[in-house]
Every structure is written in C-alpha cells, then in structure tokens.
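Number of protein chains: 2
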Amino acid sequence: MKILLVSFLLLLSPIVFCQDSTFIKSIYDEALARGQAYNDLRELCKNIGPRLSGSAKAEMAIEWSEEKFNSYKFDNVFKQPIIVPHWERGTTESGWVSSKEGNLHKLNLLALGGSISTNGLMKGQLIEFSSLEELKKVNKQKVAGKIVFINQKMDATFIQTFKAYGGCYAIRGEGAVEAAKKGAIAVLIRSLGLPIDEHPHTGSMRYDKETPKIPAAAISTLDAEIVSKWLETETLNASIELNCKEYPDAPSFNVMGELKGKDENSIISIGGHLDSWDTGEGAHDDGAGVIHCMEALRILKELGYKPKHTLRVVFFMNEENGNAGGKAYATWTKEKGENQVAALESDRGGFAPRGFSCDGSEEHIQLISSFSGLFAPYDLHVFEKGYGGVDIGPLKNTYPGIPLFGFVPDSQRYFDFHHAPSDVFENVNERELALGAAGIAAFIYLLDKELP
Amino acid sequence: MKILLVSFLLLLSPIVFCQDSTFIKSIYDEALARGQAYNDLRELCKNIGPRLSGSAKAEMAIEWSEEKFNSYKFDNVFKQPIIVPHWERGTTESGWVSSKEGNLHKLNLLALGGSISTNGLMKGQLIEFSSLEELKKVNKQKVAGKIVFINQKMDATFIQTFKAYGGCYAIRGEGAVEAAKKGAIAVLIRSLGLPIDEHPHTGSMRYDKETPKIPAAAISTLDAEIVSKWLETETLNASIELNCKEYPDAPSFNVMGELKGKDENSIISIGGHLDSWDTGEGAHDDGAGVIHCMEALRILKELGYKPKHTLRVVFFMNEENGNAGGKAYATWTKEKGENQVAALESDRGGFAPRGFSCDGSEEHIQLISSFSGLFAPYDLHVFEKGYGGVDIGPLKNTYPGIPLFGFVPDSQRYFDFHHAPSDVFENVNERELALGAAGIAAFIYLLDKELP
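Protein sequence lines correspond, in order, to chains A and B. The numbering of the first sequence is this note's numbering, which starts it at 8 and goes up by one. The numbering of the second sequence is this note's numbering, which starts it at 8 and goes up by one.
Isolated chain A, as found in the complex (with noise of 0.2 angstroms):
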C-alpha cells in the first residue's frame, strides 16, 4: 500500500515536487548562508573537548546540549537519566620496543578502551600474528608467557572504507580474550586506521568471564610496520606501562528537545552520540553527528516548519563503550507508551553528503528511493538498503517494523581519524559538515510529510 501511495505521490509529482523542492531549496539556503553548526561544533570541540562516558567533560557536554536547545526555543527540552560505565586512561601510557641488536623504538599507543592497567612497567618478548584467525590456530607453548602482537591491516581495496573497518574490527574486541586465551600477558594491536601514519586509535574492547584479562593497547600503524619489518630478523621485546582504571558505574543523561507535531505521540527520533573517545576532540566522532541533527532541527524551526509528527533530536550518551544511552531510550520510550515512527543517526562523521541508508522493509526503501530526484541538484545519490546506527539499534526491537535511516556521507577520509588524536575541529569542513545538516532536514522533512 505504501508502494500504491508513493506511486500516487509521483503522478501527483509536477506540484507537489515544486513545493518540495523549493522548500529544500531554503533549507540548503539557511545552512550554506547562516549556518550554526560549524561554529556550534567548534564550541562542543574547543571549549569542551572529548568527553568520554561517566567523565566531568561528558556531564559538562551534557549542559551545553541543554543550554544550547533551549537558545535554539525548541520544544520540551529534557534529560533522560541513564547509568553508564566509567573507565578512565589514567595518567601513564607508554611503550616501547628494544632488541639485542640495539634497535630501540618508541610505540606511539592508546589503551584500548576497557582494558586493564599493566600495574607498572610490564616486559615481554613479542610475537606477531597477521590476523586474529592465525592466533587462534597457534599452539599455546608459543605464545605462553609473550605479547601478543596482532598485526591485521585494514584491506585498502573496499570502496566503502567502513567495510574494511568490519573486516578488521575483531582483532580489537576480541583480541585480548583470544591472545590471553594462549597464555599471553597482553596484547598489541595494529590500529583500525587506512593511513600509514604515527596517530593510535583507540576503541572498545572486551573481556569473557572465562578468560584471565590481560592488558590491550593499538599502536600506530606506522609504528606496525617499523615493528614487523624488525621482527623479520629480530627478536623484539616490548616494554608497555598503561595505569587505566574501571571505576564503578556513573549517573549520566541523554539530552532531548523537539519540535511538536501535530500529533504530539508520533515521533521521528534523530540524533547521534554526545559522547566519544578520550583521545582528539571527538570531532568526526560523533560532534558532526550530534551537530548534525541540532542544526537540522533549527532550520526547520527558523523556516517556521510545522511538523506532522514530533521530530526529536536526541543527544545519546555511551555509543562508544556500552550503548546505555541506546537502549535506555528505546525502553523509556516505549513505555512511555510513545509511537515511535521512525528514527535517523549520523555517525560516520561530517564529510561531503552521499545519502541515505534504510534498515526497514521494502516499501520504506522504495519510498527513500523516491526522493531521490529531489535531491540530485545537492550530489545525494545514495538511497538504499542499509544500516541505521548504533544508538537507535535498539528501537528494532521496542518497535518491531520500525524502519532505522543512516545518514551516508563520504566514507574515505573517515578511518584516517576515527578513535584518534587526530579527531578534531580543523579536520572538519565547514561546507560539508553544512551540507550534512541541511541534507538531514531535507531528509526529515520529507519523512514527516509521506509517512503516516
């Protein structure tokens, strides 16, 4: 039926496509000629900075989006109380590799997130593996006792750079489990990153119950290609100190505001995560993300929009380590007793705009598939099956048949700075943060409008 209504929409398409495009039309106008995301971003980046969960800066991240939804008069500004957890990095990260031969080389490496401290100085000889699947293969007696060093690249040749990204993402999860699993005393991973270069990348990890927890650290890939070339001739030992800590679970908040609809219960969710990595300014990951959707919201407001459902922005807390910010929505929201219609995520950062993806049926990509000429003129040309994101996972299940949008901006400059120091403000464009932010209310708009 939807299919029935999307066909009537383009018989009807001569008018209705004129109305539409005009009023995308000022909606680009208003983010490309007075646009408040770049700047909006630099005060999130600059003035406040990473802000991992269960941290002062996250709670301080926390009174700036109120502060700031309130300055932009939405609708309903609140804070859903959530409990996240709170691990820190501690004060001491170092390492280094040395050999009998006199080669000394100084590891430019982040903790991974979660892991254990290496309670002083730790030593031990290195072994490489050049993917998790040959660790797992090795007998125990080589690696009992060693560091293990999983030296698994990321495959340059996908186009899309989040594909080579999934295929590597289980040497940093699951690397410290399978590594310990052999008797290693910790683990060194290669950063999830596509350039050669001297910038870590940090991100989740995790332990099982049956396995003892041994330390995990990323190095630069630079500094994985300097190691495995010396480690073809050489035997290496690494010296790492990491003095990170779990500390006990924290009281944090997602952040909320809205434009009331016409039907007040009837929301389409949007956002993205307010938290990120101790490490850069969160910039890529997720600020354009979160920056995206507030600014989305404030140009339909300034245009004097009148939605048909509630549209709500939502600044989640812990994407990155736990996602409590996710699913604490999706049951608040539920039992709230809220109609959820349908609900969007930027995550993959603030380059130029692609599209969309849809993890929903076929009638929901069909319908994505028909803005499409709509937003030719602004370089769109992604509408397709796909994933949603992480923080609006969750409503999957809350809302059975619900459809899940991601926002899909170009992909290729992404892994150059996810999860590292080299996620900041400068390395974001103010046009194509811009462009994301109006693409976004384009987007919106044109949900609210056709879905029922």
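Please keep in mind that the hints were generated in silico from the structure rather than gathered at the bench. Please read all numbers here as calculations on a predicted model, not as lab measurements. Be a bit skeptical, because a hint or two may be false.
Which copy is meant is left open, so a pair is good if it fits within one copy or across any two.
Unchecked claim - Pairs of lysine-lysine, DSS-like flavour, derived with a Cα cap of 30 angstroms:
#1 K160 with K32
#2 K308 with K107
#3 K80 with K315
#4 K32 with K170
Add chain B to chain A, keeping to what the hints say.
Leaving out everything else, chain B in the frame of chain A:
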C-alpha cells in the same frame, strides 16, 4: 549512429559488462593497494614546490616529469618547446590599513598574477564596493586618487562551488582595469575563497591597452570582513608595497608520454597543468590533476592493457597565466597530422570523485551515461554535459566536434585552497587522490574501447 551503437552494446551487456567490471575492479585494486599517486604528489609538492611558468622550479618540474614518465616506461616520452610569460612576485609584499581613530591592521595579501609593482610604498584612502557592477556605476570623482577595495563575496548557497567562483571571477580579472578607469591608484580585492580565514588567494588579472596599469592584490577574506566593518564608521587609509615584475617571455615545455595504440596516429589526450601559482605547493591545483593522469596511464600499462588508440598523457605548461601550453599543443598536433579522438582534463582538485562532464555532442553524453552502471560501485554518479578544461579547450577549434571531458571531483573544499598558501600536500587525502586516478583510468579504458 553512436546512439544505435550504445543501444546495441547495452543489449550485449551481460558479458561485456562483466568483463569491463572485472577489469575496472583490477584498476581500482592497483590504485588503492599499490598506487604511486600519493608518493608522486609528495615529490612534486615537497621536492619541487610551487612552479609558476618561467620560473626555475617550473623547469625543474619539467625534468622531474620526464624522469617519472621514463621510470614508468611509457612509450615515446618527449617535450614540446613553447614560449611562456614570466612574471615574478618579487621579495616585498606588505600592506596594512589604519585610521585616524587609531585602528591599525596588517593585511594578508598577495599580488595578483601580472600586477605591476607599487614602486615603493603606496598610500591612499580606501573606498569599498560590494561588486564590480557597483564600481562601474560610480562617479569618477569619488574614486580618483584612492585605492579601490572590491569586497564581493562568493555566494555560499551554490552547491557546486565553481559556480560561486564563476560569479566573482571578474573582480580579479577586470578589477584593476575598472578601478583605473575611475582614476584609482590601486585595487585590492576580497580573495576568491569560501571560508573566512587568513589566507589570501592569488590568480591572474588583465590590463588593457587603453587604461593605465595600476597595482592589484587580493586580501584574505578575514581581512576583508575586518576592513569592511571598520569602514562602516571610519575613514581608512591603506598602505601597500608590491615589487612584482614582468620579465621577457621565456622558453618552456609541455611534457608527454604515451601508451602506443594499435592505431598509433589516433590519440586520446589526458592531462592537467604542471605549472602552479607561486604560493603553497600547487597540490590540488593542479598537482593532483597531472598526477591523476600519469597514474592512470601507469595503471593501464601495469595491467598490460593494449589500447586501440594511443593514450597520451600531457603535462601542460602555463594554464595559470596564459594557456600557452594548451594553445601550442592544439596547433602542434594538428600540424603533425594527428587524429585527436578525445581529450580529458583533471583540473578541479584531488578530492573524492563524483564523475565526469562532457563538452561534446548529445551522443557523447549518451555514451558516458551508459558507463554509469559500471561506476556505481565506486560512488561515481555524475555523467553529464559540462566543461572539459582550459588546457584541452583549444583542441575544439583545431578538431571540430572532438569531445572534451572533465574529471569531476567533489568541489566543497576546492576554494579553501585554490591559489592560496594552503594549497599544500597535507591538504590532499591519499585515498581521494587514488580514487581519482582509478576513475580516470577506468573512464579512459571505456572511451578507448567505445570510440571509433
């Protein structure tokens, strides 16, 4: 008939499409996994640097290009002698504004290419115009003896930034002549750049025979904002000193290398311009373009491709201030009796590819549209009527009906860097550059197959 041919090919498409898509995949794999583009661009930017026509560095770049072509074992590496203008910025370039009220501000400025010097420090009252049209309409007495400041902004609401550039371009090209007609002693223009920042953007300007020559420079967009604000309430004097100079024309070269085709005398020319403005490193403009084309030819040779036509890469000299290379190439190839079948230029930066534009007939546009399915996996989606390039432009007169193609990357960041000190290697992304080279290689492969 070409349309018929295209339709026929589409009928044959399952097998042809499969062979083509396999070969195109191998092109992208080579570019992304074993590409030379990024390192070659680093050499050009860091070991040579900016290379304006007539300069020693331009000559060094020509030698480097020949060596590169030889190192990649291209067939028939050679140079075409040409004559180019020789203008130099000189050693002094300073300016500031001041008011009786005590305001004082240093100007970040760059002489426009071709400007005369100020002959020492020049001082004058500043008078602002918001456009060239406003200047043209003003009464001469208001301007005589003053320094004209043309503060025309690029229109940020154009999605394609080249359109915004086109709308402002005249203030740089014609500003000095129009200001001199009103009796001005110098002209300062707001830089043709989109962000508000401290970088001035240079570029070519013209004098005419009837109007006195006056010095011309661009100030940064940030300076333009500050100066304009102050002028609302104060009278400002500007002081500027430029000792740039025009020298006699100098000998130089276009540099070429080929993959010989089965039909040797039928040529597809691909290229960009080797010269660059004398600030920054000419990284996007047009280091990226020449590297794109060299890498495309390297990849096709590396994959053992035997072309039907001769594929010739041309590094044109002097696009920035005269186009002597482009003009001489068109004349020379015609005089040699060569059959130029098509030409492609890359001169819009090393950003993520969007597609290709065609300055050609309806059937040529249809032909490239028929490529779009093969390019969809690589995120290319623009296959439309549009511009070719400055260097290949003169081929239109010598080969009436020749299709000219332009490589179209994303344009959002181009005018952050264009002709500015910030156009350096660090602002080019490795994957975006490699994808451009791969796209061009694949496009040229398809053109070579499909064109008679």
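For this structure, which hints from the list above don't hold up? 2
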